[in-house]
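My request is simple: use the sequences and hints to build the entire structure.
Protein chains in written order, with my numbering: chain A, 19 to 509; chain B, 721 to 839; chain C, 119 to 346.
For the record, the hints were derived by calculation from the structure and aren't laboratory data. No residue lacks a Cβ here, since even glycine has one placed at the ideal position from N, Cα and C. You may find that some hints are simply not true.
What the hints assert, rightly or not - Here are the computed distance ranges between Cβ atoms for each label pair:
no.	chain 1	residue 1	chain 2	residue 2	range
1	A	Lys484	C	Gly145	55 to 61 Å
2	B	Gly776	A	Leu218	17 to 23 Å
3	A	Glu415	B	Asn725	51 to 57 Å
4	A	Phe304	C	Leu341	42 to 48 Å
5	C	Arg273	B	Ile728	37 to 43 Å
What the hints assert, rightly or not - Cut-off 27 Å, straight-line C-alpha distance, at most; resulting in silico cross-link-like pairs (DSS-like, lysine-lysine):
no.	chain 1	residue 1	chain 2	residue 2
6	B	Lys775	A	Lys169
7	C	Lys121	B	Lys833
8	B	Lys774	A	Lys177
9	B	Lys833	B	Lys752
10	C	Lys121	B	Lys747
11	A	Lys169	B	Lys824
12	A	Lys440	A	Lys64
13	A	Lys45	A	Lys118
14	B	Lys774	C	Lys150
15	B	Lys747	A	Lys118
16	A	Lys440	A	Lys459
17	B	Lys833	A	Lys177
18	B	Lys775	C	Lys150
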Amino acid sequence: MVNPVLLIIIPLGLALLIPLFGFISVKILKYIPFLALFSNLIISLKLLPEVYREVIHVSIGGFIPPFGINLVAGPLGIMFTTLIALVGFLVSVYATGYIKEGSEEKYHILYLLLLTGATGVVLTGDIFNLFVFYEILCISSYSLVAYFGDKAGIESAVKYLIQGALGSSFILIGIGFLYGLFGTLNMADIAANISSAGTLPVFIPLVFLITGFGVEAAIFPLNSWLPDAHSSAPSSISAILSGLAIEIGLYAIVRIVFTVYDASGMFSFFLLLGVITLVIGELCAFSQENIKRMLAFSSIGQIGLITFAIFIGSAEGITGGLFQLVGHSFGKALLFLTAGYMIYETGSTNISSFEGMGKKLPYTSLAFTVGAFSLIGLPPFMGFPGKFLIVKAALTEQDIIINMLIAIILIASIIEAAYFFKVVQVIYFKGESGSMSRKRKTAPLSVLIPVFIFAGLIIFTGIYPKLLAEVLEQPALELLHRVDYIKSVIP
Amino acid sequence: MNIINDYIYYFGAFSLIFIGLYIVLVKKNLIKVIIGLSILDTGINLFLITVGYKKGGTAPIFSEPGLQASEMVDPVPQAMVLTAIVIGVAVLALALSLSVRLYKHYGTLNLRKIKELKW
Amino acid sequence: MRKLTAVILLMIIAAGTAYVLAEIPFGSTQTKIGDYFNKNGVEETGAVNIVTSVVVNYRGLDTLGEITVLLTAAIGLGMVLDSSGKRKDVVKREPASLIVYTGCRFLFPVIMLTGFYIFIHGHLTPGGGFQGGAIAASGFLLMYLGCSGKRINTRVSTVTEVLGGIIFIGIGLAGLILGHDFLFNFLPKGEPNTLFSSGIIPLIYVAVGFKVGSELAGIIDNLMETGE
Numbered sequence: 019m020v021n022p023v024l025l026i027i028i029p030l031g032l033a034l035l036i037p038l039f040g041f042i043s044v045k046i047l048k049y050i051p052f053l054a055l056f057s058n059l060i061i062s063l064k065l066l067p068e069v070y071r072e073v074i075h076v077s078i079g080g081f082i083p084p085f086g087i088n089l090v091a092g093p094l095g096i097m098f099t100t101l102i103a104l105v106g107f108l109v110s111v112y113a114t115g116y117i118k119e120g121s122e123e124k125y126h127i128l129y130l131l132l133l134t135g136a137t138g139v140v141l142t143g144d145i146f147n148l149f150v151f152y153e154i155l156c157i158s159s160y161s162l163v164a165y166f167g168d169k170a171g172i173e174s175a176v177k178y179l180i181q182g183a184l185g186s187s188f189i190l191i192g193i194g195f196l197y198g199l200f201g202t203l204n205m206a207d208i209a210a211n212i213s214s215a216g217t218l219p220v221f222i223p224l225v226f227l228i229t230g231f232g233v234e235a236a237i238f239p240l241n242s243w244l245p246d247a248h249s250s251a252p253s254s255i256s257a258i259l260s261g262l263a264i265e266i267g268l269y270a271i272v273r274i275v276f277t278v279y280d281a282s283g284m285f286s287f288f289l290l291l292g293v294i295t296l297v298i299g300e301l302c303a304f305s306q307e308n309i310k311r312m313l314a315f316s317s318i319g320q321i322g323l324i325t326f327a328i329f330i331g332s333a334e335g336i337t338g339g340l341f342q343l344v345g346h347s348f349g350k351a352l353l354f355l356t357a358g359y360m361i362y363e364t365g366s367t368n369i370s371s372f373e374g375m376g377k378k379l380p381y382t383s384l385a386f387t388v389g390a391f392s393l394i395g396l397p398p399f400m401g402f403p404g405k406f407l408i409v410k411a412a413l414t415e416q417d418i419i420i421n422m423l424i425a426i427i428l429i430a431s432i433i434e435a436a437y438f439f440k441v442v443q444v445i446y447f448k449g450e451s452g453s454m455s456r457k458r459k460t461a462p463l464s465v466l467i468p469v470f471i472f473a474g475l476i477i478f479t480g481i482y483p484k485l486l487a488e489v490l491e492q493p494a495l496e497l498l499h500r501v502d503y504i505k506s507v508i509p
Numbered sequence: 721m722n723i724i725n726d727y728i729y730y731f732g733a734f735s736l737i738f739i740g741l742y743i744v745l746v747k748k749n750l751i752k753v754i755i756g757l758s759i760l761d762t763g764i765n766l767f768l769i770t771v772g773y774k775k776g777g778t779a780p781i782f783s784e785p786g787l788q789a790s791e792m793v794d795p796v797p798q799a800m801v802l803t804a805i806v807i808g809v810a811v812l813a814l815a816l817s818l819s820v821r822l823y824k825h826y827g828t829l830n831l832r833k834i835k836e837l838k839w
Numbered sequence: 119m120r121k122l123t124a125v126i127l128l129m130i131i132a133a134g135t136a137y138v139l140a141e142i143p144f145g146s147t148q149t150k151i152g153d154y155f156n157k158n159g160v161e162e163t164g165a166v167n168i169v170t171s172v173v174v175n176y177r178g179l180d181t182l183g184e185i186t187v188l189l190t191a192a193i194g195l196g197m198v199l200d201s202s203g204k205r206k207d208v209v210k211r212e213p214a215s216l217i218v219y220t221g222c223r224f225l226f227p228v229i230m231l232t233g234f235y236i237f238i239h240g241h242l243t244p245g246g247g248f249q250g251g252a253i254a255a256s257g258f259l260l261m262y263l264g265c266s267g268k269r270i271n272t273r274v275s276t277v278t279e280v281l282g283g284i285i286f287i288g289i290g291l292a293g294l295i296l297g298h299d300f301l302f303n304f305l306p307k308g309e310p311n312t313l314f315s316s317g318i319i320p321l322i323y324v325a326v327g328f329k330v331g332s333e334l335a336g337i338i339d340n341l342m343e344t345g346e
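Here is the structure:
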């Protein structure tokens, strides 16, 4: 049995060693994240069947919780680490060809540290440790947004940093309140004692924590940093931010609301907030000319949909939400990677400059189309079973308000389809003007391999969704059965 | 009066927090906003340590034999604050370096004028 | 308008916090784990400074995360300030007077010694790796300010930084390889209140002290080099 601590330590150790490797040879640096994430992927896949039978608890330092820190490698945690390792691994393959200028060594160190922080967030069982790993994630993303050093990048990084730092301060105030009220920092211990204090003084730290984590999770109204940050970052980083970082923020909120607090009264509030986020995201995406800004707004919309699905509160709803989350990670990463290469070829981020890409870069354009159709929710692709599960779970609730919200969601999906079809149309059908020579060109292998693997996963899961749905059932049940979680940590 | 006596420390810590929040929300100059973040961090650290106080307690160091464990303050908030101070310093350093580059690009630190990216 | 909304928002938050603080009486909070650490800290870890044993041993993963945060910020700062491409000439600063110059060279080893003392004795007296490392880095700042023209060797500082981090992780992994848990205190705990006690704690703190000192010196170096 492999110790889950290695999932955090191996990327961290290799990230620390990168400067030493840099002294030997600069060429091998871009393969180190590849190695670290590949090993994470192997370990996660090996642990997956084991944790589905029984949750693995790791105590750091040999001290039992709540006196020491513990890691809880359960179904939800290991599912997230597998997702992080897979997406991170594929994007690092893309980055071997994409990152050529600037300080490469620092890019790779920060990239590995970002993913280490994300892995730490999903595995830990202690709320202050969650905060520390979350800060690793946030600070690396602030720096990576400013990687190119141009005007837009620095401005977006500054705005992102100020809002993120405010959010982190709110989280710390919330943790301070929780420690003062309960005297312990272990999430299961707090959860066990949560009913002892009165209701309103316990509810207020929850508000602080949700506001703080909501900045990273891009919930309305805390997401004004997202369009700038995701569009000014390098495309590989946009893929990671949209595909992983905001989902990790949402994981933190979900973990606190479901496991620590059991605040089922708040679910309707989150349902409403999710739909508002979705509508605003899709409406703003519709009017964009810049492809990366459009994709960033689409991420806001999708995270709103995932929030709605998870807070329906039933096992099917959470399974649908997690399915859509995985679909969004794959699809949005695919879209950003292909768009990044197309921007590199045309030199501009305007959608209208992608005219005729269908002829010039046939494989890349095909992959972009697969990603776009998956996000809209068309049948042979992964987005369709995701949205179907969510609608089905919502309709089972037989609630009039949820039905109205479903109607709004479907209208938003139509808007989403409209702007994605617009882009696909520009790629394939316009551009007979032939101002530039449209010779066929094949993208380099470092672009094609991750792009095809993502597209393949999307198509495979679209045709055979039962496999992923069964895998996601256990994490959904872990969220709902909080008493089991508490008892397994503190018997 | 007893209430004021007991809660004066919380009041002090939270005054710092609110001053910091006000500066971040209202001021136009980027350096002032960063200073506001620093004041906010200081206030939060002060609040965390105040939570761990025990009446009549002393520092949790057994430097000479005969000190009782029941007379010591809580060590856990102090460990939390150690970590929080370092994290605050890290964010501050990064913010300052970004503002150096921002000034080179724009020539001004007025946040109302640095609004090139729009809807 | 903006000021008004900010003030109203702050008043709502203030009302909320007042409500919670009414439940946290000052001076007698419910410290379950705090009392446990105070009672059993010396026996279980061997360090007389309970805060150190909490930081390094009981909650060692937090400390590992903390040095990672500092590393991330240092690397990010280096990346942001460095990518201007060309290295501009450093602004000719007026050289300091003879008294300042000599005074700085005299004070520098004293400051470094103080810093080293603090982090080596982290388990006996208040202080530790972070505090001692920061003091040592302030010695470097003094050199930059007082004796213009002297710079640290960036290669040496990078190697020290990396070694500090690797030693920390290595000690943790050694605990894992020897059959216990990660960051298990596997060295003999010795006699409390002496220098060679409490197992791995002084080793970790020395590594952290060197790492933090060289990291902060690197940050100062980066900030000083971006002249106008």
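Hints versus structure:
Restraint check, A:Lys484 to C:Gly145: a C-beta distance of roughly 59 Å satisfies the suggested window 55 to 61 Å. With their beta carbons about 31 Å apart, B:Gly776 and A:Leu218 fall outside the hinted range of 17 to 23 Å. Distance hint check for A:Glu415 and B:Asn725: the Cβ-Cβ separation is about 53 Å, which falls inside the suggested range of 51 to 57 Å. In this structure, A:Phe304 and C:Leu341 meet the distance hint of 42 to 48 Å, their C-beta atoms being roughly 44 Å apart.
Under the hint 37 to 43 Å, the C-beta atoms of C:Arg273 and B:Ile728, about 52 Å apart, miss the expected range. Distance hint between B:Lys775 and A:Lys169 is unfulfilled; the C-alpha atoms sit about 54 Å from each other, more than 27 Å. This hinted pair checks out: C:Lys121 and B:Lys833 have alpha carbons roughly 18 Å apart, not beyond 27 Å. Distance restraint check for B:Lys774 and A:Lys177: the Cα-Cα separation of roughly 40 Å exceeds the 27 Å cut-off, and the hinted pair is therefore not satisfied.
Only pairs whose Cα atoms come within 27 Å are accepted, and B:Lys833 paired with B:Lys752 is accepted, the gap being roughly 15 Å. The hinted pair formed by C:Lys121 and B:Lys747 meets the criterion: a straight-line CA distance of about 9 Å does not exceed 27 Å. The hinted pair formed by A:Lys169 and B:Lys824 meets the criterion: a straight-line CA distance of about 9 Å does not exceed 27 Å. A distance of roughly 42 Å separates the Cα atoms of A:Lys440 and A:Lys64; the hinted pair therefore is violated under the 27 Å criterion.
The straight-line distance between the Cα atoms of A:Lys45 and A:Lys118 is roughly 11 Å, inside the 27 Å bound, and the hint therefore holds. A distance of roughly 13 Å separates the Cα atoms of B:Lys774 and C:Lys150; the hinted pair therefore holds under the 27 Å criterion. Simply put, B:Lys747 and A:Lys118 have alpha-carbon atoms about 39 Å apart, too far for the 27 Å limit, and the pair is violated. Between A:Lys440 and A:Lys459 the CA atoms are separated by roughly 23 Å; this keeps the pair inside 27 Å, and the hint holds.
Pair hint B:Lys833 plus A:Lys177 holds up; C-alpha atoms about 13 Å apart against a cutoff of 27 Å. The suggested pairing of B:Lys775 with C:Lys150 holds, with an alpha-carbon distance near 16 Å, which does not exceed 27 Å.
Going down the numbered hints, you'll see the structure goes against 2, 5, 6, 8, 12 and 15, while the others check out.
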